[in-house]
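Novice: Using the hints, put the two standalone chains together into the complex.
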Amino acid sequence: MQQFLESFLPAGPLVVFVFSIIPLMIILVYALFAIWLERKVAGHMQDRLGPMRTGWHGWAQTIADLLKMIQKEDIVPAKADRFLFKLAPFIAFAASYGAFVAIPLSSGYIGSMIDVGVFYIVAITSLLSVSIIMAGWASNNKWSLLGAMRTAAQTVSYEVPTVVTILSVIIVTGTLNLMEVTEMQTGNAFLGFLPSWLIFHSPFMVIAFGLFFIATLAEAHRVPFDLPESESELVGGYQTEYSGMRWGLFMLTEYADMLLLSLVGVTLFFGGWNSPFGSFMEGPLWGAFWMLLKGMILVFVMMWLRWTLPRLRVDQLMNLCWKYLIPLSFVNLVLIALWEMIF
Amino acid sequence: MVKALTDTYSAFKSIFIGMGITMRHLFTRSVTVQYPEVRDKLPERVRMKLHVNIDDCIGCRLCERACPVECIDIGTIKSTDDDDLGETSTGHKKKLWVDNFDIDMAKCCYCELCVHPCPTNCITMVEEYEYSTYDRRDLIFSFSDMTPEQIEEANRKLEAEEENKRRKKEEARLAKEKKAAQKDADGGGDASAGESSTGKSPAGKSTTGESPFGDADSSSAKSEASGDADADREARREAREARRAARKAEREAKKKSEE
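Top line first, the protein sequences correspond to chains A and B.
Final position of the first sequence in my numbering is 357; the numbers increase by one with none missing.
Final position of the second sequence in my numbering is 611; the numbers increase by one with none missing.
Pulled out of the complex, with its shape left as it was, chain B reads as follows (with noise of 0.2 Å):
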């Protein structure tokens, strides 16, 4: 008897130090926050998504090289001699067309990694969190600000000093070869010494001449394809694989050799 009424006592005590303090809470400020209109302060140096400034990009791939799950894909060309590219805002002169700056932030790990090698600070971590897609390859954010047509016309420019650098490499070689002789046919008088090295140049002509032909012809079929953008996008990634395989390769290599 004594027992249930100490019981009840204390069973009604604590039921209403209980319901106290449901009603302080009832009255004390939410911690709710209302996510889309109110949001919280991040704290410095947060990690959500990688933003290129591709005006300061020089091309240099140290980023690409730093990511530990190879989500950064970067695609450079020679810019020709006459080309100028200007400066980066940190004062380096830019010296490749960058025509293709990838990003997969589905493979992304979030390590920044990529942000401190850059030699111009135009990789960085930015404040923005909410790009999720439907479609994770709507996550492969491409930075490059070059066009289907100034990338050809950049490898058409850079293809075109190559070979005429390669010519007048050819003609200054010729031009050698032909003193050369000359000096040997003012010597000796050897007829066959010079015989052989006139019989020899036009040989060595053709060989050389032939190479720029066979890329041109690749190049305009690259072009032709171009028309079609999957295509040209398959071509690329293909390239870009075959690129990769090899960077890798020359890694291990590398590695093997440290061993």
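Chain A on its own, in the form it takes in the complex (with noise of 0.2 Å):
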């Protein structure tokens, strides 16, 4: 990839600009489309037709909205903390696209093909609750303090089971490179027709992502698992006292986090970038493509989720973790250990 983008740019900074940038522009136009999709999928869900008004069936909302947001007075609580309010949402969008550098978007493309990707991801997506924690105390609001101290009890729970299941999937892979893992399920040798895709594994493996999914997410803080926004019990938790394009930065931290942990668990767990179909539709561009589907598929079931569970309670979220996959993901890690061991 970087050798492609010299071969017509002057090579130097620009090159690397242009290369680290390609994210980001992925993530700006999945967030435009995300947050429409999140709307019509709730509408109709609720038999109702979400945005109409803009564009064909509403297409061009979170444009609009974008152009609201930007217009916004920039307001700072006169009590907050000046210097960690603002610097807060910054430090969460940092974090969530500091974690797309190992991800292997294409064959084609990744950041960095560091050796300790997964470890690197896992590593920078808990700045984001130090961000959360940052933006709840800075605000001087006891509703985005509650939101906070709820999230640092969240995050540091659940980043068990979710380390616990990676580690899993890297005992059999052998390797924390997510371009390897990736590489490695290449080719569709199961049964003769499925993908070797890991989620093909052994039946553990199907375990283990669903621990997985379940951890993550949690740790993007969707419903039910939303308890740092409830926005219905904790007003808006740490975003309370945003407005205008800092708290869209926090929007779009949100969506960028949907997208990076499913874009983790295709990785992991369904061939990141490989074909389903063996190498057929094939190369560095359909590589991207297959690379998306699969994580906005992932995505579409986490807004699905959104909108068939209600919230659950601070204590039943402790249970859930604690008592159920904490326990599970540790007997799940000893299963796979010796599946690996016996095959």
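The hints are simulated quantities; they were obtained by calculation from the structure and are not laboratory data.
Among the hints, erroneous ones may be present.
30 Å max Cα-Cα, derived DSSO-like pairs, lysine-lysine [stated by the list, open to error]:
#1 B:Lys445 x B:Lys517
#2 B:Lys445 x B:Lys531
#3 B:Lys517 x B:Lys531
#4 A:Lys337 x B:Lys445
#5 B:Lys401 x B:Lys430
#6 A:Lys337 x B:Lys521
Label pairs and their computed distance ranges (CB to CB) [stated by the list, open to error]:
#7 A:Arg96 x B:Ser362: 57 to 63 Å
#8 B:Arg596 x A:Arg62: 26 to 32 Å
#9 B:Tyr481 x A:Arg62: 22 to 28 Å
#10 B:Arg589 x A:Glu245: 49 to 55 Å
#11 A:Lys86 x B:Thr499: 48 to 54 Å
#12 A:Phe314 x B:Arg489: 39 to 45 Å
#13 A:Gln60 x B:Leu491: 34 to 40 Å
Quantities reported herein were computed from a predicted structural model and do not represent experimental measurements.
By construction, the Cβ of each residue, glycine as well, lies at the ideal position given by its N, Cα and C atoms.
Specialist: Encoded structure:
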């Protein structure tokens, strides 16, 4: 990819800039689409229509909202900690954007071929909770602080099952580099026709994926685990005092996070940029298409769950994590390790 | 352990059932009505806005009297004999100019009590519900089609005719008195009786002659004021209020007498 860019751009910082801005472009376009999709999905699941006025079936609604948010006054509460208050949304977005560096978007594009890819993603996404605590604390608002405290508890708890399920996948792959993980899943070996994705590797991988998906749902603060925001009880949680484009950045972060965790899930369990039809429709561009399509399907499932399930109570949230997810993920880890030893 | 497993099973089962339901609703037809383009069919006999077909109005004021909140305000002028106002579509003879027919939809309580008494069915509820305004004074709908000039004309004609009639009456009375006096003079030859009657007559004439003069004065003052539209409206409003107060007093008196 970098060589391809260097073939028509002067070498140096410009190539690096264009190279590193590609995921940002994808995130921005995806966010416009995903927010619209979320509204349409929400509307139709409730037998409504959702946005209908801006363009065909309201496709430009997010753009209109964006224009509105840019025009809004930038309000910082008088008693807030100005520096932290202004810094928090940027750290939040930087955390989720920074994680995209280790994700192979296609066979021809990965931000950095670091060998600790998954580990790096797990590490940098926990910066997100730092930024949320920062936002909640700096707002000097009780709702915000409550939301931030819930985030701290939630993220710290749910990182355990996430990491353990990722670890169980790593036992199978033997590498942390996501590009290598994806390359391992190329081909249609299982049972003759199934793609050799890790989800088909063993029945325990299905359980691992289930645990991983639930845990990432909590990591992305999506319903039913949206306690940090929980607009019906905490007004807006850590977002209460934010308005305009700063709030927009938090929103962008939420959607970028959804995509990020979906892409990690896709890479670990569903063959990343591999085509489901073997060598049919393969190549760097088709790879990007398959990667994003699979990611969008998982994002859609997240939206689907959002409009199906009610929010958990704080104690239920902790119950679910510590009493069910963590023991199950450890048992699953041991079982996958045994499977690997036997076969 | 067993409990944990059964709990997990029931949790997943209910989650998948719920997801099935939402997925089904995702593909069912939505119930939204795209309002300004698509409208719900309204039921029969909806009560939304009053409309008056002023061509059919005979100025009987039954609707005004029926209104419990007094949101209808009607002013009428008697038509003169030489004017023919024609007939309504229901065959009623129109005898009054309706110079003022205001309905204040801000006061209206949509009871439809005014609609039923109307003998010519000219006041009706219509299916129009998008008439909100920024100023509640804009909710007073005027249905009278008479221009201020026409109203003035009608007033003038009526006054002229009334004066005419009065004069005729007076003349008839004078002639009668004269006749009687002559009869008296012819019969009794009493001079003093004749003298008294002739002495009376100019005084009587002057008193009756004064009132039309005064009326003309006031009417001219009115027409002067009508140059200023606001003052005219103010005057009309005052007149209306006075009428209303009179009617109210009348009604109360009636009520009292009934009690």
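Novice: For each hint, tell me whether it holds in the structure or not.
Specialist: To see whether the hints hold, each was checked on the structure:
Straight-line distance between C-alpha atoms of Lys445 (chain B) and Lys517 (chain B) comes to about 23 Å, which keeps the hinted pair within the 30 Å bound. Of the pairs offered as hints, the one joining Lys445 (chain B) and Lys531 (chain B) is violated, with about 40 Å between alpha carbons and a cut-off of 30 Å exceeded. Straight-line distance between C-alpha atoms of Lys517 (chain B) and Lys531 (chain B) comes to about 21 Å, which keeps the hinted pair within the 30 Å bound. Between the alpha carbons of Lys337 (chain A) and Lys445 (chain B) the distance comes to roughly 91 Å, so the proposed pair goes past 30 Å and is violated.
For the hint pairing Lys401 (chain B) with Lys430 (chain B), the CA-to-CA distance comes to about 29 Å; that is within 30 Å, so the pair holds. This hinted pair does not check out: Lys337 (chain A) and Lys521 (chain B) have alpha carbons roughly 110 Å apart, beyond 30 Å. The beta-carbon spacing between Arg96 (chain A) and Ser362 (chain B), approximately 50 Å, falls outside the hinted interval of 57 to 63 Å. Separated by about 50 Å at the C-beta atoms, Arg596 (chain B) and Arg62 (chain A) break the suggested range of 26 to 32 Å.
Separated by about 23 Å at the C-beta atoms, Tyr481 (chain B) and Arg62 (chain A) satisfy the suggested range of 22 to 28 Å. Distance hint check: the CB atoms of Arg589 (chain B) and Glu245 (chain A) are about 52 Å apart, consistent with the given range 49 to 55 Å. Distance hint check: the CB atoms of Lys86 (chain A) and Thr499 (chain B) are about 52 Å apart, consistent with the given range 48 to 54 Å. Separation of Phe314 (chain A) from Arg489 (chain B) is about 54 Å and departs from the stated range, judged on CB atoms against 39 to 45 Å.
Distance hint check: the CB atoms of Gln60 (chain A) and Leu491 (chain B) are about 36 Å apart, consistent with the given range 34 to 40 Å.
When each numbered hint is compared with the structure, violations occur for hints 2, 4, 6, 7, 8, 12.
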